[in-house]
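Chains as they are written, first to last, in the numbering used here: chain A, 343 to 708; chain B, 343 to 708; chain C, 343 to 708; chain D, 343 to 708.
In case anyone wonders, no lab produced these hints; they're calculated from the structure.
No distinction is drawn between identical chains; accordingly, a pair holds when it is met within one copy or between any pair of copies.
Subject to a maximum C-alpha distance of 25 Å in a straight line, what follows is the list of computed DSS-like cross-link-like pairs (lysine-lysine): (1) Lys546 to Lys671; (2) Lys440 to Lys671; (3) Lys546 to Lys525.
Protein chains: 4
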Amino acid sequence: MSSTYHGQLTVSIFGQSHGSAIGVTLDGLPPGEPVDLDTLQTFLNRRAPGQGDWSTPRKEADRPEFLSGLLEGRTCGAPLTAVIRNTNTRSGDYANLKDLPRPGHADYTAQVKYGGFQDSAGGGHFSGRLTAPLCIAGGICRQILARRGIAVGAHIAAIGGVPDTPFDPVHLNETALLAPGEKPFPVTDDSAGTAMQTQIAQAKAAGDSLGGVIECAVLGLPPGLGDPMLDGMENRIARLVFAIPAVKGVEFGAGFQCAALRGSENNDPFCLVDGQVRTKTNHAGGILGGITNGMPLVFRAAVKPTPSIAQAQDSVSLGRREEAQLEIKGRHDPCIVPRAVPCLEAAAALAVYDALLEQEMRRVQA
Amino acid sequence: MSSTYHGQLTVSIFGQSHGSAIGVTLDGLPPGEPVDLDTLQTFLNRRAPGQGDWSTPRKEADRPEFLSGLLEGRTCGAPLTAVIRNTNTRSGDYANLKDLPRPGHADYTAQVKYGGFQDSAGGGHFSGRLTAPLCIAGGICRQILARRGIAVGAHIAAIGGVPDTPFDPVHLNETALLAPGEKPFPVTDDSAGTAMQTQIAQAKAAGDSLGGVIECAVLGLPPGLGDPMLDGMENRIARLVFAIPAVKGVEFGAGFQCAALRGSENNDPFCLVDGQVRTKTNHAGGILGGITNGMPLVFRAAVKPTPSIAQAQDSVSLGRREEAQLEIKGRHDPCIVPRAVPCLEAAAALAVYDALLEQEMRRVQA
Amino acid sequence: MSSTYHGQLTVSIFGQSHGSAIGVTLDGLPPGEPVDLDTLQTFLNRRAPGQGDWSTPRKEADRPEFLSGLLEGRTCGAPLTAVIRNTNTRSGDYANLKDLPRPGHADYTAQVKYGGFQDSAGGGHFSGRLTAPLCIAGGICRQILARRGIAVGAHIAAIGGVPDTPFDPVHLNETALLAPGEKPFPVTDDSAGTAMQTQIAQAKAAGDSLGGVIECAVLGLPPGLGDPMLDGMENRIARLVFAIPAVKGVEFGAGFQCAALRGSENNDPFCLVDGQVRTKTNHAGGILGGITNGMPLVFRAAVKPTPSIAQAQDSVSLGRREEAQLEIKGRHDPCIVPRAVPCLEAAAALAVYDALLEQEMRRVQA
Amino acid sequence: MSSTYHGQLTVSIFGQSHGSAIGVTLDGLPPGEPVDLDTLQTFLNRRAPGQGDWSTPRKEADRPEFLSGLLEGRTCGAPLTAVIRNTNTRSGDYANLKDLPRPGHADYTAQVKYGGFQDSAGGGHFSGRLTAPLCIAGGICRQILARRGIAVGAHIAAIGGVPDTPFDPVHLNETALLAPGEKPFPVTDDSAGTAMQTQIAQAKAAGDSLGGVIECAVLGLPPGLGDPMLDGMENRIARLVFAIPAVKGVEFGAGFQCAALRGSENNDPFCLVDGQVRTKTNHAGGILGGITNGMPLVFRAAVKPTPSIAQAQDSVSLGRREEAQLEIKGRHDPCIVPRAVPCLEAAAALAVYDALLEQEMRRVQA
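All chains should be built: construct the whole structure from the sequences, respecting the hints.
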C-alpha cells in the first residue's frame, strides 16, 4: 500500500505535491470529540514553510477544508476527511526528474517502482508536503490527548553539531515540554537555537543543507499502553515516525547510548513518589516490554540533510544510460529539521491515541 | 493485539516462556516453496542459549514441530504452524515478580496492563524466548529469499565499547555478509570478538551485563521494494525489529550520523557500474523514499544490556506499596547481543520477503 | 471502523449525504492502469437518480473530481482520491430525525451509537448516496478487469413478485451479461421490466415502496481466485455487498435453493469442453471451497423496500419517550432496486480484482 | 490469506484434515476472562461427528490442548492457542483426488490454485474439520458474552423440505433460544426433527445427501454495535459465516422475503415496551444501517448437501484430460446441517463479541 496506517484509527493519506490537492481520511475517532480549528491551524503553521531564513520562502497556506466527519465543531462518528488544495502551478522545474534523478530523493526508486507512470512533479506522493495531512490527523489526536491530560511536545535536539539542552527524562514538566513549540525556532535553549541558525545560514550560503536530531516526549501517559512484541509503543511510533520522509533513525530512551552501558547503569530502579510507582532514571524512555510505565515517553529521530541542494551533483541519465551532472533549481529548505518538529509530535500523538483507544477496549472486566 | 504482524504475510506469535509451548503461524506463503529443516535448525541454533561463556548455560533444544502448512518438505498453501515445547518446569523462581517487579523488565507494565492475570513465569509472553518463533518465520523467509539471490546477514557491530569492522555499505559481498553468522561469536573481525568476550566476562564477573549494537544487511535486492510513507522499508523493518524485546533504537544507512552531515556529503551520487544504476556512497542504506534502490540495504539496532543482573536492585513492592530490594536468581545471559544477531536477520527477512511479495502483485501490466 | 475495506486494495469511503462532499480513496492500484473517465461517468450515471418514474426526481450530477492518483489518464501508483460535491443545501427536512427516528432507517441506531453527535441530515454517512463513491472505486476496477477479459454485469432478478429471466449460469455470454446494464431499466426481459415498473407505479401511488432481488455475474474469471475459509470469494463479495445499505441477504449459485436439493442434484459434475475443465451445471455459482472454478460466478442479493414512504408510520419520540406518528417529507425512490444494480457490480468488481491481485502474488514459483 | 480474521480479535485458523493437528490462535481477548473448559467441550461436542444416524460414524474426540493464553482458567492477555491432534492416520482413501476431483468439493480449485502442492488428504485445509478450531474460538466468545447477558443460539430451520418452527423474532426468549442446542438433534419442534431424520435416512439409503437451512439468533444485545457500510453487523457476520465450507447463502431478518414486501409491510414500527425503544415487528433482524437496534439479531444460512455421496459421479482426470467416473469411498455425513448449527453460533459469537469490544473503545467521552 502507499500511505495507510491501520490501527484502531485508520489514517489514509493521499495526494501529490503538484496535484489538485493533498489530504487525509481519519477513520475511527469516537463521536463527540471537539476539534478546535484555530488550535489545529496554529499547529499546522509550525510545519508550514516561509517562517524564517532557515526554510524555503515559498508561502503555502496549508488551510485544510473539512469534507466530512465534523459537525458543529465535533467529530460525528463518520470518517473525517480534510483536504488542502495545491495552489502551486505545475512548473517545468521537475520536467527532467524522470530521466535524471536527484541524489537523495525518491526520483529513481519511484521511476523503477512505478515504471514511469508516477507523478514526479515536486516529488509527487514522496514530497515532504505530504506531512501536512499527517499533521492534520496527528494534530486532532494531540488535541484529544490534551483534554485527557496527555501532552505531546518536541524540540530540535541538534543541528549541525550544535546540541540543544535535552529534555529531562525524569522530571520533565508540561511547561518545559511545550515551550519550544511556541517559538518560531523550536528549541529549549535559545542560544543554542541561534548557533544552529548560524550553521544553517552558512550551509545555505555554501549551496548546501543540514540535518539534525529531534527529541519528542509525551507526558501524562497512564501505564499500560501498548502491547508486547509487534505492537509495542516502539513499534507503533517507529512505524509512524518513518513516514516522515527524511527520518533515517529512531531511538527510545537511552537508545543507542544504552549499547555502551552496563545493566546496572541502564536499568531504571523503581521507586515510590507520592505513592505512585516511578523509576529513578528513565533510560527506558517510559517503555518496558513495549508498554508505557507511566514515566515520560521519550524518543529521538535522526533527520537527514535536505537532499535538494544548489550545488551540482552527479547523477545518471536513465534514458541515455550515461552519467550526467544535475543542478537542482527552485527554492528549498536548507534545513528541514525545524519544520519536522511538529511532524514528530503528530506521529507520536497518533500512535499514543491509537494505543489509548485500544487499551480502553481490553481493560479487565472480569 | 499482542503479537501479530499483518502484511502480505501474517505472522502470529504465541506462547509464554513457561507455558506448554511457544510457536508461530505464518500465513500467506506461496505454495510449493521448499523448506529445508536442517538449514532452519542451523539458523535457530544461532539463537539458542548455551553456546559459550557469554550466554546462559540453560540448554533448550528449540526444535520446532510443524503442525501444518508443510507437505513433503514444501509449503502447501495452508497456514504454516510450528511449535516448540517448553521443557522447563514451572519453577518458583518467578513467584514474586508480580509483587516485586524487576527493573528493566516488563513485570510492572504487564501487571498494570493485565491486572495481575498475566503469566509472569519466565517473563511470560514478554520473554526473549518468544524470538524463537520469530526466527522460525524469518528463517523460512530467509531460505526463500536465498533461492532468489537475496542474502540476509548480520554481525555484532559493538559490545562494551568494542567495535567490529563495519560492513562496507557499497562493496559488501555475500561471502563477507554471511561469514559472521557461521561463527559461534558472530563478528567480522575475530580479534574484536575476543575483546568483546573479555568485556562480557568482566561484566559477568561483576554480576552485571552488557548491551551492544548489531548491524544487518541485505544483498541482491531488486530496486523498487517498499512503499512511500507508512509502508516504506524503514517502517516495515523497524516495526519487526522492535519486536525483539531488547531493541531500543534502529537506524538505516548513516542513520544518526547523517544528522551531522551536510547534504553534499550525505547525498549518494548516482553512477553506472556495469551498466547498472548504483550510488557511489550508501548513506541512504539502500532506501530512498522508503523504496529499495538496488544498493545493499543496511541498518543497525541498539540492544540494551540484559536487565537480569545478579546485583541487588531497587524495586517497589506493589502489594505493600513500599520500596524494597530485589535479587534476581537463576541463570541469565550476561549479554544477549550475540543471540540477537539471527533475530535481526529474521526480522529483516520477513520484511523484505513481505515487500517482495507485494511488489509482485503491483508490477506494471498496462 | 466506519467505511474502510482492507484487502490488497484499501477502499476508504467518506462523506455525509448533506456534508460538503462524499468521496473515496482507493489505495493499491498498480501503476499505469488507464482510467477512462467517460466510461466511468456512464457507469456512475446508472446509479444516479432521476432516470425514470421509478426513482426520485432529484437531480444529482455525481461527477467525481479526482484529487490524486491519476496522471494523464492513468494510475500513478499513489492513492487515488475522488470526491463528489454535495450541492443539496442543508434543508430542514431532517431536523427532527434525531428525536423521531424513521422506521427502517439508521436514525435510531445512529442516535444510540453516536450519542446525538451524528450528522443526521439526509441520513448522514448512512445515506444510500454513499454508494456513489463505492461505484467510483468499483467502476475503476471493472474497467481494469474488462481489459483482462473479465466482465461484470447484473440485472434486476425480481421486483414486486415479477421475475426477470435469470442468467444462464452455465452458458451465459458477455453480450447477455452486459445487455441489461445498457438499458435505463436493467432487465433481460423487457416485458418483465414493464410489469415491474407497473408494480412500482402502483406502490408509489399508494405512498409505498418495493424491494427486489438483483442477480450479478462475473465472466472470464480464471480458476484459482479466492482463499479457503475467511477469505473465500463468498466472504469477500458478501462483505462488500452488505455495504450497500438496503441489502439484507446474499446467496451464491443455487443459494437457498440448494438447501432443498440432494447432493446428487446439487453437485456440479465436471466435464471437458474444448479441452477445458468445466461443470455441467453451476449450482456452486462458480465457487468451490471459496475459490473460483472457472465457471461463471453468480450471486444474488435481496434488496429491501425503500424505508422512506409517504404513509404515516409509528415511531417513538426519543426525547419525550413517548410513541408518536411520523410522516416523511421529501422526494424518495419508490424502489431503489434499479439504481442498486451497478452498486452490486461495483462490489463484485472490487472483490474480484482484489482477489486477482492477491493471486498474482502467490502463484507457484518454486 | 488463508484463514485469518482481523478485527478487534484476530482469529487465525490452521491445520489440514490429515496433518498433525488443527488449531486456532485467538488474539485480543481481554485479560482475566474465565474460560470454562467443560462448557467449551460441551459446545465442541455438538459439532463432533458420531452423534446419530445422521452423521458419520467416525469418532473424533476433538479435545483441544491449550498451548498458551490461559492461566489458571483465565485469559492472561497473551494470544490464546489451542490445538486438536489429528488421530486419523493418513489413509490411501484420498490418493487420487488430485487427479480426479470430487464434484462439489475444493479438490479441483485447490489443484489449480496450489499447483499440486496442496495437502489433499481428507480435503486438507478445506475440510469441514477446520470448523472445530472456529468453534473453539467462537465457543470462548460465547461464554464471555453469556456473562454479559448476551445469548447466542441456533436451530435447524429446514432439512429436506421439512421446516422447524422458526424463532419468534420479536418475543424470542433465552430459554427458547438455547433449547435446541441442548438436544442431540437441534430443533425447536421435535416432531419436525423426527421428520427431518426420516428424510436424512432416506437420502442416506439412496447413497445421497441433504442440505438445509439454519437459523441463528442473538439475544440481549445492546443497541449500537456495528458500523456503517463495510463493518456493519451483516458484513461481519456474513464474512464469518461463509467460513463454514458448506454455506452458500446468508440472510438477515426477513432476508430474501423482504424483496417481495412493500415498505409499509417491511418497515418495523418503533414502539415503547417498559420504557425501552423496541420495534413491533423485526423484519430488519435487529440491524438497521449495520448497527444493532436492541431487538433480537436473527439470520439464516443456507447449507448445501454434503458433496461426498456414495453414488458414482462424473468427473475429469486432470492428468489424462479425459472424462471419468468417480466413486467416493469412506464414511461421510449424509447431512452436515445438524453439526453446522454450533458453527453458526460460533461465527455469530465471534462477530458480536468483536463488535462489542470495538464499541467499548469508541463510546462518547467528550
